[in-house]
Amino acid sequence: MEGAAEVSGVLGILERLDRRWVFLAMALAVAGPILVMGLTRKTLPETPTDASRAVFRAVQSLPQGSTVLLAFDFDPGSAGELEPMGVNMARHCALRGHKMVFISLWPLGGQMIDQTIEKVIRADFPQLQDGVDFVNLGFQAGNEQVMRVVLTDFKRAFPTTKSGRATADLPILQGVQRIGDFALLASVSAGYPGSKEWVQYVVSASGGKLPMVSGCTGVQTPQLYPYFPGQISGLLGAIKGAAEYESLINAWVMDPANAAEWSGRGAASGAPMVLPPKYLEAQRRMGPQLGAHLLMVVLILLGNLVYFAQRRAQRRVAA
Amino acid sequence: MSEEPRSPAIVVWAIIVLAIAAVVGLRMGFGDGMGRAYAERVEMRATVTSAASPGSERFVEWVEWRSVPPVEFTRAVRDNPAQERVQLSIAHTAGLWIAALLTLAIFSFLYRDNPAYRLAEAIVIGVSAAYWGVIGVWDSLVPKLCGALAHGWTAAHILPNLPSPTVQSQIGMSIALALGVLLLLRLVPAVGGVSVWAMAFIVGITAGAKIVSHVESDLLAQAVATMQPLVQPADGGLWTGATLWASLPNVLVVIGVLCCLTYFFFSVEHKGVIGGASRIGILYLMITFGAAFGFTVMGRVALLSQRVEFLLDDWLWLIDPLERRLLDGVSMIVGTGGVW
Amino acid sequence: MMRIVALAIASIAGLVMLLSPFFPRLESVGAQSSEIFNVIAAIAFILGAGSLVKVNVSRVSRRDAGWGYAFVTLLCFVVTLVIGLGKIGVPPNPQFAATPWAGEKDAAGSAFAWIYEFVLTPITSTMFALLAFYVASAAFRAFRAKNREAMLLLGTAFIVLLGRTFAGVWLTDGLPDWASGLRLENLSMFIMQVFNTAGNRAIIIGIALGVTATSLRILLGIDRSWMGASGGSS
Numbered sequence: 001m002e003g004a005a006e007v008s009g010v011l012g013i014l015e016r017l018d019r020r021w022v023f024l025a026m027a028l029a030v031a032g033p034i035l036v037m038g039l040t041r042k043t044l045p046e047t048p049t050d051a052s053r054a055v056f057r058a059v060q061s062l063p064q065g066s067t068v069l070l071a072f073d074f075d076p077g078s079a080g081e082l083e084p085m086g087v088n089m090a091r092h093c094a095l096r097g098h099k100m101v102f103i104s105l106w107p108l109g110g111q112m113i114d115q116t117i118e119k120v121i122r123a124d125f126p127q128l129q130d131g132v133d134f135v136n137l138g139f140q141a142g143n144e145q146v147m148r149v150v151l152t153d154f155k156r157a158f159p160t161t162k163s164g165r166a167t168a169d170l171p172i173l174q175g176v177q178r179i180g181d182f183a184l185l186a187s188v189s190a191g192y193p194g195s196k197e198w199v200q201y202v203v204s205a206s207g208g209k210l211p212m213v214s215g216c217t218g219v220q221t222p223q224l225y226p227y228f229p230g231q232i233s234g235l236l237g238a239i240k241g242a243a244e245y246e247s248l249i250n251a252w253v254m255d256p257a258n259a260a261e262w263s264g265r266g267a268a269s270g271a272p273m274v275l276p277p278k279y280l281e282a283q284r285r286m287g288p289q290l291g292a293h294l295l296m297v298v299l300i301l302l303g304n305l306v307y308f309a310q311r312r313a314q315r316r317v318a319a
Numbered sequence: 001m002s003e004e005p006r007s008p009a010i011v012v013w014a015i016i017v018l019a020i021a022a023v024v025g026l027r028m029g030f031g032d033g034m035g036r037a038y039a040e041r042v043e044m045r046a047t048v049t050s051a052a053s054p055g056s057e058r059f060v061e062w063v064e065w066r067s068v069p070p071v072e073f074t075r076a077v078r079d080n081p082a083q084e085r086v087q088l089s090i091a092h093t094a095g096l097w098i099a100a101l102l103t104l105a106i107f108s109f110l111y112r113d114n115p116a117y118r119l120a121e122a123i124v125i126g127v128s129a130a131y132w133g134v135i136g137v138w139d140s141l142v143p144k145l146c147g148a149l150a151h152g153w154t155a156a157h158i159l160p161n162l163p164s165p166t167v168q169s170q171i172g173m174s175i176a177l178a179l180g181v182l183l184l185l186r187l188v189p190a191v192g193g194v195s196v197w198a199m200a201f202i203v204g205i206t207a208g209a210k211i212v213s214h215v216e217s218d219l220l221a222q223a224v225a226t227m228q229p230l231v232q233p234a235d236g237g238l239w240t241g242a243t244l245w246a247s248l249p250n251v252l253v254v255i256g257v258l259c260c261l262t263y264f265f266f267s268v269e270h271k272g273v274i275g276g277a278s279r280i281g282i283l284y285l286m287i288t289f290g291a292a293f294g295f296t297v298m299g300r301v302a303l304l305s306q307r308v309e310f311l312l313d314d315w316l317w318l319i320d321p322l323e324r325r326l327l328d329g330v331s332m333i334v335g336t337g338g339v340w
Numbered sequence: 001m002m003r004i005v006a007l008a009i010a011s012i013a014g015l016v017m018l019l020s021p022f023f024p025r026l027e028s029v030g031a032q033s034s035e036i037f038n039v040i041a042a043i044a045f046i047l048g049a050g051s052l053v054k055v056n057v058s059r060v061s062r063r064d065a066g067w068g069y070a071f072v073t074l075l076c077f078v079v080t081l082v083i084g085l086g087k088i089g090v091p092p093n094p095q096f097a098a099t100p101w102a103g104e105k106d107a108a109g110s111a112f113a114w115i116y117e118f119v120l121t122p123i124t125s126t127m128f129a130l131l132a133f134y135v136a137s138a139a140f141r142a143f144r145a146k147n148r149e150a151m152l153l154l155g156t157a158f159i160v161l162l163g164r165t166f167a168g169v170w171l172t173d174g175l176p177d178w179a180s181g182l183r184l185e186n187l188s189m190f191i192m193q194v195f196n197t198a199g200n201r202a203i204i205i206g207i208a209l210g211v212t213a214t215s216l217r218i219l220l221g222i223d224r225s226w227m228g229a230s231g232g233s234s
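Chains as they are written, first to last, in the working numbering: chain X, 1 to 319; chain L, 1 to 340; chain V, 1 to 234.
One chain only, chain X, in its complex shape:
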């Protein structure tokens, strides 16, 4: 607090407010909407940005059967933001009939991939075969140097799958010698190493031949904007980006006119298209975002009211 002048009244109470009350307000601002949305199962509408639409287009425009490299460079510490992105990227690829090769440069990333495979592929696309339509190559140590190796020899950097199968004779990797042989690089990134390093070490070195899309944390998003749309074709920023991407896929899947375009369970069996609630996770998480952001705005306003009251009190004392 500046100076000795004290503010009286409500602003004085705010000036001396214990920060635990701010913590409690934040807890309520987040828990309240979660309870309401959890009980009502409603979500807020989303208006996708160009950056999110670009991610959707990048996956959508690939010919069916393309092989996509999905780099899950995150761990449970950032799963709240990034898991919905990973889930929706895998889901979109599976719906479009793309082959998926999952890798991670974060030690706990292999587990995040397993969770995504369990949640999306094994649950909703049981016809897809491990090693043929998708594969989890797990984690490799070395950060950017792994990227340097995959530039020339992909299987050298990832000699086995996470479950211990050699990659040399893996059907899904037939025709993949180097990373440039993939149709798309989709990076889900929590920090270092992540999307920024993929741009620096791989996308630039490929001379723009390997398109890349990124889904990243809120902290990373502003830092990655300079690479979009030149070096990164599409960008999902924080949970909002995930919610926008999720809503784009949902709108596409739920439109009966598009059923022929995707290879999903519903289209194959002619069953009515019902959206499982797990594919509304990112949009549901925008509820607590709204509560918390409004609280932040109120806190900044109140903090500044206290500040200006302090200044006025100081001037009065000085006079």
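Hints are computed from structural coordinates only; laboratory data are not their basis.
Since the model is a prediction, treat every value here as computed from it, not as a measurement.
Any given hint might turn out to be false.
What the hints assert, rightly or not - Some, not all, of what chain X presents toward chain V, calculated at C-beta under 8 Å:
(1) 76
(2) 78
(3) 140
(4) 141
(5) 225
(6) 226
(7) 249
(8) 292
(9) 294
(10) 295
(11) 300
For every residue, glycine included, the Cβ atom is placed at its ideal position computed from N, Cα and C.
Place chains L and V on chain X using the hints.
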């Protein structure tokens, strides 16, 4: 964290803690309960062919318990009350409670530093160090180092279809092993000095790789991305509001990059034109930091939401957004008597 | 002598990495060097674990303040290590059922997977979640419009905070089409794509210049600070 709440505040906090405890108690005693995990019994069978006698086959059988949502248990009991396929999992239920208590222990730091928080912190330090070590061994060292230097043993015991290493990779892995041992010698103060050779290799590789990547990606490509046409003609001609509006972003980006770079340029005194440009640069940077703040808030709140969802959904069973219990909100709280 | 060898190793290794993208014959040497680095990086995990054990064993043996927590750290470390390296509770690998150690270390149902799901995940993710509270507290205590620059920062944060949620849509949805650029969601994207891009691009270019200069100094042996006390700068 030495800030102590005043006595009336302590009473309010005590009431809040008691209210939370009451909610937990009520959830345990009424309705469909809370915090239980279920598992499905799966009989596994694999065929093993002997390499010595290709014709002979034998089977290996085992049982796996796979996590399933509570609704699977409800359905299984409804179909056959005597079924044993889906059961309450003691290990996962205990794990769920431990996870919830650890979550609350970390959150307790918000009130003040306390033994519960410190215990959770000590646990995570030990667990994560070992976890990283184990992953490093099984995912990197075994397939790469052991696979190259002890291929026969590795293939026989761990990775059966690992291809034979080339001489080149065996030489490379021998160097890696030697440098790795030098690195580990840092733990022995008497001979730790030799680890500087391993450090030299790490520093040299990193520095060499960074020069190429940063110049290519962050210097040249970013400069090219800035060199966009300043005038973007729109429909209706060059001197229209639409053209002005379409051209504005590129003009602002070019001005911003140049002014910010001027601000970072400390070899010249920031006076006159340079001073003016650097002041504009500061304004751009302030906007940049404001945007970064907004996105940081967004990121942190998403992480908090996930933990609160865990407590309210997985543990307390107060909400069911993923329809894992297939009950509406009211039934979950007052109960249906079906799940237990 | 040890320092000269170290400088030579750093320079040669760096030079290989620097030149390998430009000479196809050096490509495989560069990849080989990177692969050696990757294995050393994995060994560094063991070094990190070793350092942790060393520090905590000395804290426990000296009965330092909080030695009980150091003991808990050591205990958790040993238990996780034994479970992970011993593949305790890991079911056989269906593809290689005859191979004794072929089971996946963190297969569903294994003890290692249990530690991941019920110990590591809740603690690490909650620790990161704590920051949401401190950001709120900082916003209330320190986010003050003291001058023009601070007001700009504050105003941007407002627009981004509101524009990236439904609040932005709700507040400014009524604006006419010709003023759609002023809708909070559009305004926040304009800020990101123009002002934020320009600011961060300048930072990126500045960092690139700094990294290149520092790396060159290391390769040329001018910067030896990485060697610690025995190194120094020439």
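Against the structure, the hints:
1. A cut of 8 Å between beta carbons decides the hint on residue 76(X): the least distance to chain V is about 4 Å, and the hint holds.
2. Nearest Cβ of chain V to the Cβ of residue 78(X): about 7 Å, under the 8 Å cut. The hint holds.
3. The interface hint given for residue 140(X) holds, since its Cβ lies 6 Å from the closest Cβ of chain V, which is under the 8 Å cut-off.
4. For the restraint placing residue 141(X) at the interface with chain V, the shortest Cβ-Cβ distance is roughly 4 Å, inside the 8 Å limit, so the hint holds.
5. A hinted interface residue such as residue 225(X) counts as satisfied when its beta carbon comes closer than 8 Å to some beta carbon of chain V; here the least separation is about 5 Å, so the hint holds.
6. For residue 226(X), the interface hint holds, since its Cβ comes within 8 Å of a Cβ in chain V; the closest pair sits about 4 Å apart.
7. With 8 Å as the threshold, the beta carbon of residue 249(X) stays out of range of chain V, its nearest partner Cβ sitting at about 19 Å, so the hint is violated.
8. The beta carbon of residue 292(X) comes within 7 Å of a beta carbon in chain V, closer than 8 Å, and the hint placing it at the interface holds.
9. Annotation: residue 294(X) was flagged as interfacial toward chain V, and the flag holds, the nearest CB pair being 6 Å apart, inside 8 Å.
10. Taken as an interface hint, residue 295(X) checks out: its beta carbon lies about 7 Å from the nearest beta carbon of chain V, inside 8 Å.
11. Look at residue 300(X): its Cβ gets to within about 5 Å of chain V, closer than 8 Å, so that hint holds up.
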